[in-house]
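As you go down the protein sequences, you meet chains A and B in turn. Residue 112 in my numbering sits at position 112 of the first sequence, with consecutive numbering throughout. Residue 294 in my numbering sits at position 294 of the second sequence, with consecutive numbering throughout.
FYI, nobody ran anything at the bench for these hints, they're computed from the structure. Careful, some of the hints might be misleading.
Computed footprint of chain B on chain A; a stretch qualifies when at least three of its residues, placed anywhere within it, have a C-beta under 8 Å from a C-beta of chain B [said to hold, decoys possible]:
id	stretch
1	25–35
2	161–173
3	182–196
4	221–230
Short derived list, chain B residues pointing at chain A, Cβ under 10 Å [what the hints assert, rightly or not]:
id	residue
5	Ser95
6	Leu188
7	Val208
Positions of the beta carbon are idealized from the N, C-alpha and C atoms, including for glycine.
Spelled out, the chains give:
Number of protein chains: 2
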Amino acid sequence: MKAEIAAFHALLAASRRILLLSHVSPDGDAIGSQLGLRWLLQAMGHDVVAANQDGVPQLLRSDQILPGWQQVVQAPLSAKHAAGGYDLVIALDCSDLPRLGKVYGPALAHAPLVNIDHHITNLHFGAVNLVDPAASSTAEIVWRVADALGWPINPQAAQCLLTGIVTDTRSFRVGHVTPALLGVAQQLMEAGAALAPISELALERRNVDTICLWGQALAALRLEERIIWTAIPQAMRRGCNGVEQSDSGLANFMVGAEEADVALILTEREDGQVDVGMRAAPGFDVAQVALALGGGGHPRAAGCSLTLPLEQATAQVLDALKHSLAQQRGALAG
Amino acid sequence: MKAEIAAFHALLAASRRILLLSHVSPDGDAIGSQLGLRWLLQAMGHDVVAANQDGVPQLLRSDQILPGWQQVVQAPLSAKHAAGGYDLVIALDCSDLPRLGKVYGPALAHAPLVNIDHHITNLHFGAVNLVDPAASSTAEIVWRVADALGWPINPQAAQCLLTGIVTDTRSFRVGHVTPALLGVAQQLMEAGAALAPISELALERRNVDTICLWGQALAALRLEERIIWTAIPQAMRRGCNGVEQSDSGLANFMVGAEEADVALILTEREDGQVDVGMRAAPGFDVAQVALALGGGGHPRAAGCSLTLPLEQATAQVLDALKHSLAQQRGALAG
């Protein structure tokens, strides 16, 4: 990555106004890596705009974990923001250009594009690509670049980068948590970042309607051939003030069941489609089934959408999963 | 702590057979610190027996997270084990002697006692007391002692100590997580410990009956004056194959509710008593109410037992909590 870092450094030196972008429906690492880089560049005198099509999610809007979150704009190409022009664009935590949504457009085609990301599916779409699938998070890569270039880490940058690392690893529980990453987290804390509020605010806080839906969904739990599953019809969501089932925590929780190899949640949407979320215990794979049903994902977390009534969707996914798991267990046994 | 470490070192040098003890109903830090120290002492040629009155809990019985767990005996004073005699006793993760239960007795009174612990309530009952309430875990103190004495850290010891640290901090989420602790965790990983299995096996794994009870308990959730609460009658437990409500995860989960300052779980026991578990959001205190009702605990996690029918116990605790919270909010506002 050394040559890429040097190329990035040269682009920065030649730029006057920099636009930082992250993916639609952003998570803690998208905003954390973006704002972290913004604080670092601003401290060195750069003029920087940070933008995200969907803004900062409600649960992440806190200066304790993402100082400066109010500065993320949603329309960087509007007259107000674009008047100053941009001569460098940096995409963060984004595996392909369309994932940036409306904040990227033809008006930016003249500006060199830097691609900073950790997704294994990254398409290397930038003029410079700081991409490392072995990194825990995009925030970790930003830290490594800053460290390689000898940039001072101010407390606000440290906080945003630690929030990116902690949210993407669920506090060092999943993903690529290396000994070196713990060393990075230590240095970020020493630079002024607080660890406790990140778990409290970004990982463990939910509204009571979401907790209500957990209760209803878990009360309807079923276990079949080591598949733990539940279905969430629209009526169930309405019973909890119409809350969205957008909380990956429930699937992560269910796959912790000793008696299960796979967790499955089927959610009936208002437009009649069924969202299918799957998680696999270590050693098992749900990406194959998701792919076969027109979706995608990682071996241990995948999903798809089906245009079927809830009962039929449930039967189809259960069938496919049972078949796939039988094959996987056969391969393990053989 | 320097003088205490030197005194500990002198006692070790003079000892022939060492007994390591931890508290009744042990958790990951009790067994982790105990087995970690056992691996360290054994590697240096000491003859060591590790004992716990209640043995190793089912969910922690894995060589991936606690290598050597099979070596923890439950009756160290039986003829079989005690025949060799003990000339040094080390209590781990234990704030007072009675917490050791039946594994400590008059037969051990002749042996010097070393007390290694991180609880703020520790009574300093040892001849040597390696007690630090600012430590995240007893495992962290064992590591600091080993580091100060220049002991080599073998992979098994590293794994047990990391399990102690990770379980007591819920993977660096709660308690005294300092930058230095992250450095210790990094060194333990570098010495051969694996981090991922600890969360998978000890923090996120539950049996399906426990998950069933979460569902029933959450489906009965109530919210009053920013107290989120649920009551678990015996019939509810029977509906989930009679599973015990001994899972502190549920209370931790509930206190994550944005709309609540306190979470409360009342569990009806078979003997008619009601177990009361309470959690407080940052800035609030439930220890006062627990103490007033004959229980105890920490400001943010406390409990008590009441000899009352479930409905009356619920009314009494809710009343006390509402009163206490109103006072606390008044103090905050003033």
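Each hint tested on the structure:
1. 25–35: Check failed, 0 qualifying residues.
2. 161–173: holds (count 4)
3. 182–196: holds (count 9)
4. 221–230: Held - the stretch 221–230 of chain A has 3 residues with a Cβ nearer than 8 Å to chain B, which meets the minimum of three.
5. Ser95: violated, 24 Å
6. Leu188: holds, 8 Å
7. Val208: holds, 5 Å
Hint violations for this structure: numbers 1, 5, all remaining hints satisfied.
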